[in-house]
Amino acid sequence: MNLTLEQIARITGARLKGDGKTVITALCGLDSPKEGALSYAAKIDKPEALANLNAAALIVPVAAENMDLPFKGNLLYAENPDWAFTLLLRAADTLNKDIKPGVDARAAVSPGAKLGKNVFIGANAVVEDGAVIGDNTIIYPNVYIGRNVQIGQNCVLYPGAAVREECILKNKVILQPGAVIGSDGFGYIFHNGRHEKIPQIGNVILEDDVEIGANATIDRAKINSTIIGANTKIDNLVQIGHNVKTGAACVIVSQAGIAGSTELGNGVIVAGQAGINGHIKIGDGAAIGPQAGVMSDVQAHAKLMGSPALEAGAFMRSYAIFKKMPELYKELMAIKKKFKFFG
Amino acid sequence: MNLTLEQIARITGARLKGDGKTVITALCGLDSPKEGALSYAAKIDKPEALANLNAAALIVPVAAENMDLPFKGNLLYAENPDWAFTLLLRAADTLNKDIKPGVDARAAVSPGAKLGKNVFIGANAVVEDGAVIGDNTIIYPNVYIGRNVQIGQNCVLYPGAAVREECILKNKVILQPGAVIGSDGFGYIFHNGRHEKIPQIGNVILEDDVEIGANATIDRAKINSTIIGANTKIDNLVQIGHNVKTGAACVIVSQAGIAGSTELGNGVIVAGQAGINGHIKIGDGAAIGPQAGVMSDVQAHAKLMGSPALEAGAFMRSYAIFKKMPELYKELMAIKKKFKFFG
Amino acid sequence: MNLTLEQIARITGARLKGDGKTVITALCGLDSPKEGALSYAAKIDKPEALANLNAAALIVPVAAENMDLPFKGNLLYAENPDWAFTLLLRAADTLNKDIKPGVDARAAVSPGAKLGKNVFIGANAVVEDGAVIGDNTIIYPNVYIGRNVQIGQNCVLYPGAAVREECILKNKVILQPGAVIGSDGFGYIFHNGRHEKIPQIGNVILEDDVEIGANATIDRAKINSTIIGANTKIDNLVQIGHNVKTGAACVIVSQAGIAGSTELGNGVIVAGQAGINGHIKIGDGAAIGPQAGVMSDVQAHAKLMGSPALEAGAFMRSYAIFKKMPELYKELMAIKKKFKFFG
Numbered sequence: 036m037n038l039t040l041e042q043i044a045r046i047t048g049a050r051l052k053g054d055g056k057t058v059i060t061a062l063c064g065l066d067s068p069k070e071g072a073l074s075y076a077a078k079i080d081k082p083e084a085l086a087n088l089n090a091a092a093l094i095v096p097v098a099a100e101n102m103d104l105p106f107k108g109n110l111l112y113a114e115n116p117d118w119a120f121t122l123l124l125r126a127a128d129t130l131n132k133d134i135k136p137g138v139d140a141r142a143a144v145s146p147g148a149k150l151g152k153n154v155f156i157g158a159n160a161v162v163e164d165g166a167v168i169g170d171n172t173i174i175y176p177n178v179y180i181g182r183n184v185q186i187g188q189n190c191v192l193y194p195g196a197a198v199r200e201e202c203i204l205k206n207k208v209i210l211q212p213g214a215v216i217g218s219d220g221f222g223y224i225f226h227n228g229r230h231e232k233i234p235q236i237g238n239v240i241l242e243d244d245v246e247i248g249a250n251a252t253i254d255r256a257k258i259n260s261t262i263i264g265a266n267t268k269i270d271n272l273v274q275i276g277h278n279v280k281t282g283a284a285c286v287i288v289s290q291a292g293i294a295g296s297t298e299l300g301n302g303v304i305v306a307g308q309a310g311i312n313g314h315i316k317i318g319d320g321a322a323i324g325p326q327a328g329v330m331s332d333v334q335a336h337a338k339l340m341g342s343p344a345l346e347a348g349a350f351m352r353s354y355a356i357f358k359k360m361p362e363l364y365k366e367l368m369a370i371k372k373k374f375k376f377f378g
Numbered sequence: 036m037n038l039t040l041e042q043i044a045r046i047t048g049a050r051l052k053g054d055g056k057t058v059i060t061a062l063c064g065l066d067s068p069k070e071g072a073l074s075y076a077a078k079i080d081k082p083e084a085l086a087n088l089n090a091a092a093l094i095v096p097v098a099a100e101n102m103d104l105p106f107k108g109n110l111l112y113a114e115n116p117d118w119a120f121t122l123l124l125r126a127a128d129t130l131n132k133d134i135k136p137g138v139d140a141r142a143a144v145s146p147g148a149k150l151g152k153n154v155f156i157g158a159n160a161v162v163e164d165g166a167v168i169g170d171n172t173i174i175y176p177n178v179y180i181g182r183n184v185q186i187g188q189n190c191v192l193y194p195g196a197a198v199r200e201e202c203i204l205k206n207k208v209i210l211q212p213g214a215v216i217g218s219d220g221f222g223y224i225f226h227n228g229r230h231e232k233i234p235q236i237g238n239v240i241l242e243d244d245v246e247i248g249a250n251a252t253i254d255r256a257k258i259n260s261t262i263i264g265a266n267t268k269i270d271n272l273v274q275i276g277h278n279v280k281t282g283a284a285c286v287i288v289s290q291a292g293i294a295g296s297t298e299l300g301n302g303v304i305v306a307g308q309a310g311i312n313g314h315i316k317i318g319d320g321a322a323i324g325p326q327a328g329v330m331s332d333v334q335a336h337a338k339l340m341g342s343p344a345l346e347a348g349a350f351m352r353s354y355a356i357f358k359k360m361p362e363l364y365k366e367l368m369a370i371k372k373k374f375k376f377f378g
Numbered sequence: 036m037n038l039t040l041e042q043i044a045r046i047t048g049a050r051l052k053g054d055g056k057t058v059i060t061a062l063c064g065l066d067s068p069k070e071g072a073l074s075y076a077a078k079i080d081k082p083e084a085l086a087n088l089n090a091a092a093l094i095v096p097v098a099a100e101n102m103d104l105p106f107k108g109n110l111l112y113a114e115n116p117d118w119a120f121t122l123l124l125r126a127a128d129t130l131n132k133d134i135k136p137g138v139d140a141r142a143a144v145s146p147g148a149k150l151g152k153n154v155f156i157g158a159n160a161v162v163e164d165g166a167v168i169g170d171n172t173i174i175y176p177n178v179y180i181g182r183n184v185q186i187g188q189n190c191v192l193y194p195g196a197a198v199r200e201e202c203i204l205k206n207k208v209i210l211q212p213g214a215v216i217g218s219d220g221f222g223y224i225f226h227n228g229r230h231e232k233i234p235q236i237g238n239v240i241l242e243d244d245v246e247i248g249a250n251a252t253i254d255r256a257k258i259n260s261t262i263i264g265a266n267t268k269i270d271n272l273v274q275i276g277h278n279v280k281t282g283a284a285c286v287i288v289s290q291a292g293i294a295g296s297t298e299l300g301n302g303v304i305v306a307g308q309a310g311i312n313g314h315i316k317i318g319d320g321a322a323i324g325p326q327a328g329v330m331s332d333v334q335a336h337a338k339l340m341g342s343p344a345l346e347a348g349a350f351m352r353s354y355a356i357f358k359k360m361p362e363l364y365k366e367l368m369a370i371k372k373k374f375k376f377f378g
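Chains as they are written, first to last, in the numbering used here: chain R, 36 to 378; chain F, 36 to 378; chain W, 36 to 378.
Possibly wrong hints are sitting among the right ones.
Identical copies look the same in the list; a pair holds intra-copy or inter-copy alike.
[Said to hold, decoys possible] Straight-line Cα separation of at most 25 Å, DSS-like style, residue types lysine-lysine; simulated pairs:
(1) K149 - K205
(2) K205 - K135
(3) K373 - K69
(4) K135 - K149
(5) K205 - K78
(6) K358 - K52
(7) K135 - K107
(8) K316 - K81
(9) K107 - K69
(10) K338 - K69
(11) K373 - K232
(12) K232 - K135
(13) K338 - K280
(14) K69 - K372
Hint data in this document are derived by calculation from the structure and do not stem from the laboratory.
Model the full assembly from the supplied sequences, consistent with the hints where possible.
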């Protein structure tokens with residue numbers, strides 16, 4: 036990174052108090068300051084802690100404009116320092132901007148595939164017949180794109196991601212390394228004493244601006260589509276079963292699993308390692324706690340914990356007493372003993 | 036898909052009541068009917084709901100032959116509509132049937148590998164020295180087949196699957212994308228203050244008709260073999276530790292994990308996110324509930340829930356009271372207080 | 036394998052009682068003996084069981100030198116039979132020793148990458164510009180090495196592993212198949228009604244002698260580094276969030292997850308499927324039980340169980356009473372009923 040504070044003020048919309056010619060070469064966290072770098076504070080809890088902060092510049096909230104902060108470097112006042120810092124991280128993140136469009140000579144692109152403008156396809160990537168890839172999309176090495184797959188514009192598929200036949204990725208979709216889109220749903224019928232495979236002839240649709248984490252797996256539908264709604268973010272090692280549908284802007288954290296045909300509303304949060312049963316509905320804005328096990332429908336905006344899951348407050352009240360159970364047991368036994376004497 | 040109802044009757048063995056010349060172009064679920072498509076009903080719970088079903092044909096149980104169903108389209112009476120529909124899904128599933136045998140010019144197949152008849156090996160797949168691949172097996176692009184691996188007939192290995200050296204896949208084995216067979220078991224010895232690696236020189240054997248899910252991992256044995264029994268089905272992101280042995284026709288659902296040297300009998304069901312300790316035995320037909328944590332041997336046909344796992348009924352009875360604990364606590368405290376007064 | 040007992044005595048440092056010219060062709064476990072093979076017993080619990088052991092040689096503890104063991108084959112007395120057997124497994128494990136250094140003609144190695152001496156790079160592996168690979172390192176087929184990645188000496192990267200840009204692997208690091216190093220941390224900011232991606236511009240550092248399991252995922256830091264300490268061993272399908280730091284010699288078992296910015300001390304053990312919250316500290320030598328859910332800081336050498344996690348003994352005492360709850364409930368109701376009568 037190599038930006039003057041003037042440029043940074045322009046990028047972030049923050050008001051600069053300091054020297055606009057100062058060059059910033061790195062970004063840093065408050066807990067790991069670096070000379071010459073820029074950091075940010077979402078809130079000013081302990082202004083005195085800024086006295087010894089060894090950084091060249093600091094983004095603070097506009098609410099701090101009235102405070103006499105003891106920081107020795109340059110200050111930038113932003114409406115939302117988190118967002119301002121995010122904009123700078125975007126400026127600093129050059130990885131995909133540095134890529135020059137083109138198809139690597141070692142990529143295996145079917146003559147029956149259609150590529151948009153400014154597409155990049157890396158070495159040893161495979162694009163099968165009938166696949167369509169939109170403008171500005173980046174396909175890293177070792178990615179697999181199956182037959183008739185449709186990929187929109189401005190997508191990034193990192194190394195080793197695999198998209199099986201007929202699946203659809205709309206625009207601005209990101210697949211982290213090893214993500215699998217369109218693996219067969221886990222469907223068998225027990226017939227004549229054997230598990231017989233039920234073909235899974237549907238597909239997966241990832242709407243605009245979906246991100247899928249590393250080694251996460253999204254199964255194709257038995258028929259029709261497994262659908263991940265726009266702006267939904269799915270973390271590493273998450274499992275999404277066949278025919279699941281999620282609404283928009285859901286967040287599904289690492290190692291969570293959602294069984295087949297379940298539907299999530301909009302803005303649902305599923306915390307890490309939570310498991311959600313198949314064929315149920317989770318209402319808008321519900322929050323499923325870490326490691327929770329959800330067995331049945333969940334109302335909008337409910338918060339759940341535990342396995343099987345309960346309303347979060349009820350779970351925590353019960354769990355608080357669970358912790359005391361050895362002493363309560365003693366008390367119950369003491370009462371019982373005395374009681375027999377009385378009784 | 037493009038089949039007449041006459042053809043469909045022949046494929047499924049169902050009795051047709053309707054026009055045998057009608058052409059069916061798609062399959063659909065009852066919850067998502069499509070004009071011109073065929074659906075199925077495993078049971079007839081609400082016959083009146085069929086009055087408005089917008090589909091060309093419907094498979095129903097033979098038990099419905101006496102019912103006067105209000106469905107306007109063609110009817111097919113089958114002994115087992117689920118199975119009849121599965122047969123049609125198989126007819127509709129053309130993906131692997133469309134593949135023409137041959138070795139892609141961009142595959143890296145060792146001259147020391149032996150390929151059977153009608154084998155397909157896709158672009159950028161790698162087959163190492165000494166590997167043997169049976170007739171009609173399909174190796175998708177970007178698959179890795181290690182040294183001396185033996186793969187039987189009619190297997191399908193989807194993109195990015197990796198089979199490390201010396202492992203054995205018998206016939207009709209399916210690996211979903213990213214499945215790893217034969218990674219090192221997690222074995223270390225703490226020696227002179229460090230974890231020292233214990234080489235894992237055994238292998239993995241997948242018996243006939245085993246399917247392994249996307250990004251699932253099956254570790255090779257320390258010595259001898261990790262064995263997955265015939266017709267066992269393993270879902271995405273499952274972990275199988277070194278020297279595990281499963282019986283035939285087990286079902287291991289997504290994100291479950293089985294630690295080293297544990298043995299499963301036949302027909303064991305392990306639900307999603309369950310964990311099974313190492314060096315224990317799970318009897319035939321046992322059912323391990325979702326997120327259960329199994330610490331010790333399990334008898335045949337037992338049903339378990341909870342972490343640590345208990346007999347399922349006992350767990351649910353205890354959990355029912357767990358939910359009431361805050362009020363029970365109040366009652367106990369009230370009794371205690373009064374009791375002190377009396378006592 | 037093909038070693039005389041004399042050679043085996045030399046390799047293991049064990050004292051041989053038997054025929055040094057006997058050739059051993061295989062290693063075996065006590066539970067699966069093989070004619071002509073060598074096994075080991077870490078302890079002699081049931082000496083009589085050795086009478087029928089069908090193996091050519093057995094490593095036993097030096098403590099057994101005074102015992103008259105009924106084993107008919109050759110004996111080797113070792114200070115630590117486990118370690119002696121590990122040394123033999125290392126002698127028997129020829130896989131990576133058999134590899135001849137060199138770059139496969141089908142590998143895509145950037146002219147801007149620097150390779151040390153005796154490096155092996157397999158078919159369809161990709162090494163990007165600026166990457167540096169140390170002496171004797173083995174890169175299997177289908178591996179991806181991103182821009183400016185630094186890899187030390189004597190590392191082994193198995194098929195399909197992916198290391199994204201700027202990450203650092205020091206010496207003797209092992210990546211099992213499908214391991215992902217440097218995927219983006221799961222970071223978003225909710226801005227104007229949408230989840231906006233926060234670029235993750237840091238990297239991952241794997242210190243000396245780290246091993247990462249199959250399909251495990253180690254996210255890159257938002258800024259700075261996610262760090263896995265020397266000699267730490269991470270099992271299959273583990274998730275490590277952005278900016279996590281682990282100490283030396285930790286053991287993180289399959290399917291466990293550690294959320295962002297959490298710090299583990301040295302020698303921490305995290306059992307299978309456990310989950311650890313973000314932004315907390317786990318002290319040296321702490322042991323987190325299987326499926327435990329750790330929400331807050333953990334003291335050194337603490338042992339935890341349960342979700343949310345409690346001190347292990349306290350959890351087990353409470354859980355023991357959880358099992359009895361249906362009968363305790365009846366007793367409480369009986370007391371309550373009688374009490375009302377009295378009260």
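Self-check item: Violations among the numbered hints, reported as their numbers in ascending order
Solution: Hints 3, 5, 6, 7, 10, 11, 14 not satisfied by this model.
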